[in-house]
Amino acid sequence: MGKSVELSGAEILVQFLKDEGVEFVFGYPGGSVLHIYDALYGQTDVEHILVRHEQAATHAADGYARATGKPGVVLVTSGPGATNAVTGIATAYMDSIPMVVITGQVPTPVIGSDAFQEVDAVGVTRPCVKHNFLVKRVEDLAITLKKAFYIATTGRPGPVVVDVPKDVTDPRIKIPYEHPKSVTMRSYNPTMKGHAGQTKRAVEMVLSAKRPMIYSGGGVVLSDAAAELTEFTRILNYPITNTLMGLGAYPATDEQFVGMLGMHGTYEANMAMHECDVLIAIGARFDDRVTMKLAEFCPLAKVVHIDIDPASISKNVKVDVPIVGDVKAVLVDMIKLLKDGAGKPDQIALTKWWKQINEWRGRQCLEYDRGSELIKPQYVIEKLWEVTRGEAFVTSDVGQHQMFAAQYYKFDKPRRWINSGGLGTMGFGLPAAMGVKLAHRDADVACVTGEGSIQMCIQELSTCLQYHLPIKVINLNNRYLGMVRQWQEFSYEGRYSMSYMDALPDFMKLAEAYGHVGMCIEKPGDVEGALKEAFAMKDRLVFMDFITDRSENVYPMVEAGKAHHEMRMRVTETELA
Amino acid sequence: MRAIISILMENESGALSRVAGLFSARGYNIESLTVAPTEDNSLSRMTIVTTGSKEIIEQITKQLNKLIDVIKLIELTDGQHIERELMMVKVKTTSADLREEVKRISDIFRGRVIDVTPGSYIVELTGTSEKLDAFLAALGSELILEVVRTGVSGIARGDRSLTV
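Going down the list, the protein sequences come from chains P and H. Here our numbering is used: position 560 in the first sequence is 545, and no number is missing along the way. Take any residue in the second sequence, count from 1 to its spot, add 67: that is its number in our numbering.
Keep in mind that a hint or two might mislead.
[What the hints assert, rightly or not] Dumping the calculated DSSO-like pairs for lysine-lysine here, alpha-carbon to alpha-carbon at most 27 Å:
#1 P:287 to H:198
#2 P:324 to P:398
#3 P:303 to H:157
#4 P:303 to H:170
[To be verified] Just the calculated beta-carbon pair ranges, DEER-fashion:
#5 P:329 to H:122: 50 to 60 Å
#6 H:209 to P:124: 37 to 47 Å
#7 P:332 to H:118: 47 to 57 Å
Because the hints were derived from the structure by calculation, they are not lab data. Given the structure is predicted, the values throughout are model-derived calculations rather than measurements. No residue lacks a Cβ here, since even glycine has one placed at the ideal position from N, Cα and C.
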C-alpha cells in the first residue's frame, strides 16, 4: 500500500504484520490485547493460531522459524501472558532464532501502579532477548515493529519483545499509517562480509593441516549455508562433525561426516577433535556440552573460527584466526580462494588421518543390543528414519530421546532437525512441531519425545485438533526421566531421586480423548509396522506410545569434567573390546 | 587489571539497566558507573570502571558492543586518558582547631569548602580516585561525617575521541 491511511494502533499492528508478509501469529488473547484481537477479527491475511498456553505459542513460532528461516510471531497478553512466554523466548534466545513477541501491557497511565495483570515485561525478558521495546505512543508503533523485525532477523538472529500498552492500541485514536519499508539504526550494523586478509590467513591455516577437523554448528543452518559448507568440506576432503544445533547442515549419510560431537558425540568425532591439529569452527559457539573439559579441549589444535557474533570469538576457547561475518558469505570467499589455486591439502597426511578416523569408526560406538526382547529407543529412531526415508521434519523435547534422535536419525538436510539445544527446554517438541507442520503442510512431521517431556505441553494436542495438524508423536516411554536417571546411575550410585514417573496416563486413551489416534507399541517386532501405519494416516495426528527398555542409556558419554577422549562407552561393547 | 570503558549509547529509557543487567548476568565487576546525556540529547555517555583479566575485559567490551543501544565504545585505559571523580565530604568541624586543620588539608588537595555550619564543613574535591582516597585518608575517619562520590568520568587525550 503506497498512500497512507488513518488507522488505530491495533489496526496498525495487524496491517503491519500483513505488510511484512507474516503468515501466522501464535497467540492467546487477554485483557490488554483485546483491541488487537478485535483488529484481527474477520481478516484472513494473517492467520492466528490459538494455542492452549503461551509457552506453546513461543515454541510454535520458534518451530516455524527454524523450519522456514522466517521470523516467528507471537501475540500474548500482559502479566501472566508475558511471563508464560518467557521460557519460549529464552529457548529462542539461546539458539539464536528470529522471533518477534508482541506482549500486551496495561495502559500507560497505570504502568507502575501494580495494575491487574501488570508485569514489567521489558524488565522480565531483558536477559533473554536480543532486544526489547516498550511502545509508549501510537506514533512509534509501526517503526518500532519494523526495528523489531529488522533486529530479530539480521546479524546473529534472536527474539525481540515489543511491549504494547493497551491505550496505544485504542481503536478511537487513529493516525496516518504507512508501512515503513526499511529502517536504519546508527547503533546496530551487523558485519556480514568477512575481512579479506583474515579469510586468506584462514585458508592458509586450513590448508596447512595434517589432521584437520571441521566443526560446524547452528550458525550454518541460520545462515542457510549448508550448500556452501558441503562444497567447502568436499573440496578439502576433510572430516566434519556437527553440533547438536548444526545437524543436517552437512549430509549425515555422507562418508566425510563423522557424527555429532560432544557429551553424546560419536567416538570418532570426539577422538578426532582431541587429536586434530587444525580445527575449523564454523557458526559454532564452543558450548560446554561440546567442548567438555575446556583445559583439554583440542589440545593440539590451532583454531580458525567463523562467526557473525564477535562476542562468540575467543569467549571459551582462544582462537588463532577469527573471521567475523556471515558464515555463508565467508564460506563463499573461502571456496573461491580454494578454487583459485590457494593450494591443496597435504594428501599423504590426509590419507593417514582418514585411516586413523576409520579405525575409530571401527569401534561402532552407536551399536546396541539388537536382539533385545524389549523395544530399544535407538531402534525406534532407526525405523522412523527408514519409514520417513530420512525426509521428515523431526522435533524433539529434551532428554535421552533427544540424544537418540540426534544420533540415529541421519539428517541430510538443514532445518529438518528442530530441538532446544541451548536452553534444553522440556515441552518444546509438540508445539514446535505445530509451527513446522503449519509451514510444511505436505511434509511428514514427527515429534520425538518422552513421557516426561510430552506432559509439559500436552495440552497442545487440543490445538493440533483445531488446526488439523497431523503430527506424529513418537513417545519413547521408559517410565523414567531417562536422562536424569542416567546421571543418577552414573554419578549418584543409583539413587533415583524423583526420576521415576509414577501414575502415568494411558497415552493412547489420552490421545483419543483429544480427538486423535492413539497407539501403544510394546514389542520390537511391531515397531516398523506401527510406524508405517501411522505415517500412512496423512490426515490424522497419531500418538505412538512406544514402551521401551527402561534401563537403556545414551552412549557414548563424556561425563562432566572429562575431556573428549575420556568417553564412557556402552558396557557390553567395552567388555567385548 | 583495572579498565575504564567509555560508552556512547542511545539516550533511551532502560539503556542503563541493559548495561547493569549485562554485568550482573555475566558476573562482571563494576567498580563505578556514571551516566549522563552528552551535548547531543539523543546520546548518553557512560563511564564504567571494571576489573578483570585481559580476556574478561575483552569479553566485556564485546558484550557491551552487542547491546543494540550501544553505538560505540572505547577502552580509555588502552591509551592516554584523563580520569576525574568528584567528591563531597561532610567533615566534623566542632572546634576552631578542626576548622583550621580541615581548611589546610583541603587547600593542599586543592579542595574547596562549599558549605559552612557551626558544626561542619562540606569540602568539594575533584581528581583521580587515588587522590580522593588520599584526601579521605588524610582527614581520618573520625572527622568524616558523610562522603559522596560520583564515580569516575574519563576522556581520551589528543586525537582519540568517542563521537558518533
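Checklist entry - Among all the numbered hints in the text so far, which are the ones the structure does not match? => result 1, 3, 4, 5, 6
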